[in-house]
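Enquirer: Sequence:
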Amino acid sequence: MAEIIAFANQKGGVGKTTTAINLGASLASIKKRVLLIDLDSQGNASTGLGFVRSAYRQNVYDVIMGNGTAQDNILTTATPGLHLMPSSMMMAGAEAELYDLDNREYRLRDALAPLYEYYDYILLDCPPAMGFVTLNALTTANNVLIPLQCEFLSLQGISHLVNSVREIKNKWNPDLSVLGFLLTMYDKRYGQTRTAEEDVRKTFGDAVFKTVIPRNVRVSEAPSHGIPALFYDFDCPGAQAYLRVATEVVERLEKGE
1 MAEIIAFANQ KGGVGKTTTA INLGASLASI KKRVLLIDLD SQGNASTGLG FVRSAYRQNV
61 YDVIMGNGTA QDNILTTATP GLHLMPSSMM MAGAEAELYD LDNREYRLRD ALAPLYEYYD
121 YILLDCPPAM GFVTLNALTT ANNVLIPLQC EFLSLQGISH LVNSVREIKN KWNPDLSVLG
181 FLLTMYDKRY GQTRTAEEDV RKTFGDAVFK TVIPRNVRVS EAPSHGIPAL FYDFDCPGAQ
241 AYLRVATEVV ERLEKGE
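Letter 51 of the sequence shown, counting from 1, is numbered 51 in our numbering, and no numbers are missing.
Please keep in mind that the hints were generated in silico from the structure rather than gathered at the bench. All values derive from a computational prediction rather than experimental measurement. Where a beta carbon is used, it is the ideal one built from N, C-alpha and C, also for glycine. Where hints are given, some of them may not hold.
Unchecked claim - Cβ-Cβ distance ranges computed for the label pairs, FRET-style:
(1) E167 x E97: 20 to 30 Å
(2) M90 x F234: 33 to 43 Å
(3) Y190 x A113: 38 to 48 Å
(4) N163 x K31: 20 to 30 Å
To be verified - With a straight-line Cα cutoff of 20 Å, these simulated SDA-like cross-link-like pairs (lysine to any residue) come out:
(5) K32 x P80
(6) K31 x F234
(7) K32 x N143
(8) K171 x N143
(9) K210 x D199
(10) K169 x R104
(11) K210 x D175
(12) K11 x H160
(13) K188 x C236
(14) K255 x H225
(15) K169 x N103
(16) K169 x D187
(17) K169 x S159
(18) K210 x T193
(19) K210 x E151
(20) K31 x E117
(21) K11 x V212
(22) K11 x S164
(23) K169 x A207
(24) K11 x F204
Turn these sequences into a full structure, and let the hints guide you.
Expert: Below, the structure is given as structure tokens:
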């Protein structure tokens, strides 16, 4: 049975999609079967893995809306063991469309159920908003990973997100847990970064991953080449950090069993 991890933060620009791509590639590199699902209408996880919207018909919108099966909307990436269910521009209107549908909170969960036995990990890259699409991700997932940029403004909404996760757990998905908080774009040269880290670790304790993701130009460049940082520059600090995070993720999930 697959472990399902949602990557969520209502604030954009915190490294959520970068984390989803590179953690997926890192897990695949240790022989895990991984499916990454791009739920954001911007489709950055799809383009970051080398797929151009006009070049394929597969998309998660049709899966959620019941116009196609999950099995028929999966692409094989250049990374062995990593598959992708890409986004669609139609996802921009999915919030409004879901409002009037039956079983609107569980459309994604029910559509993905036939895939659970084929993957070790299913990763859900959420849009930067707490709407029906993200709600569907969080009713599907059994864990949520929250990337945090080490800046003051990025920390302000975290208590709201944590409360939303708690509400979803109580109302719709009792199996949902916070897997951890991941500090991204970390630059130890700045006092603000160190202060933010201290605040997060003081507030959330062991829920914060030991590994931090450094601000790294090679990781930023990789999406423009359509490949994860691990295959763009294996030795760069960012790629190595994501490999360590993958190890932490596996250890945390095994400990929670």
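Enquirer: If a hint holds in the structure, say so; if it does not, say that too.
Expert: Hints versus structure:
1. E167 x E97: 20 to 30 Å: 23 Å, holds
2. M90 x F234: 33 to 43 Å: For F234 against M90, whose Cβ atoms are near 36 Å apart, the range 33 to 43 Å holds.
3. Y190 x A113: 38 to 48 Å: For Y190 and A113 the Cβ distance comes to about 45 Å; the hint holds.
4. N163 x K31: 20 to 30 Å: 37 Å, violated
5. K32 x P80: 10 Å, holds
6. K31 x F234: 17 Å, holds
7. K32 x N143: At roughly 17 Å apart (the allowed maximum being 20 Å), N143 and K32 satisfy the hint.
8. K171 x N143: 16 Å, holds
9. K210 x D199: Distance ~14 Å between K210 and D199 Cα, so the pair holds.
10. K169 x R104: 16 Å, holds
11. K210 x D175: The hint is violated at about 24 Å.
12. K11 x H160: 11 Å, holds
13. K188 x C236: 17 Å, holds
14. K255 x H225: Judged against 20 Å, a Cα distance of about 36 Å means the pair is violated.
15. K169 x N103: Given pair K169, N103 holds - Cα atoms ~17 Å apart, limit 20 Å.
16. K169 x D187: Since the Cα atoms of K169 and D187 sit roughly 34 Å apart, the hinted pair is violated (cutoff 20 Å).
17. K169 x S159: 15 Å, holds
18. K210 x T193: Distance ~15 Å between K210 and T193 Cα, so the pair holds.
19. K210 x E151: 18 Å, holds
20. K31 x E117: Status holds; Cα separation ~16 Å.
21. K11 x V212: 19 Å, holds
22. K11 x S164: The given pair, whose Cα atoms are some 14 Å apart, holds under the 20 Å limit.
23. K169 x A207: 17 Å, holds
24. K11 x F204: 19 Å, holds
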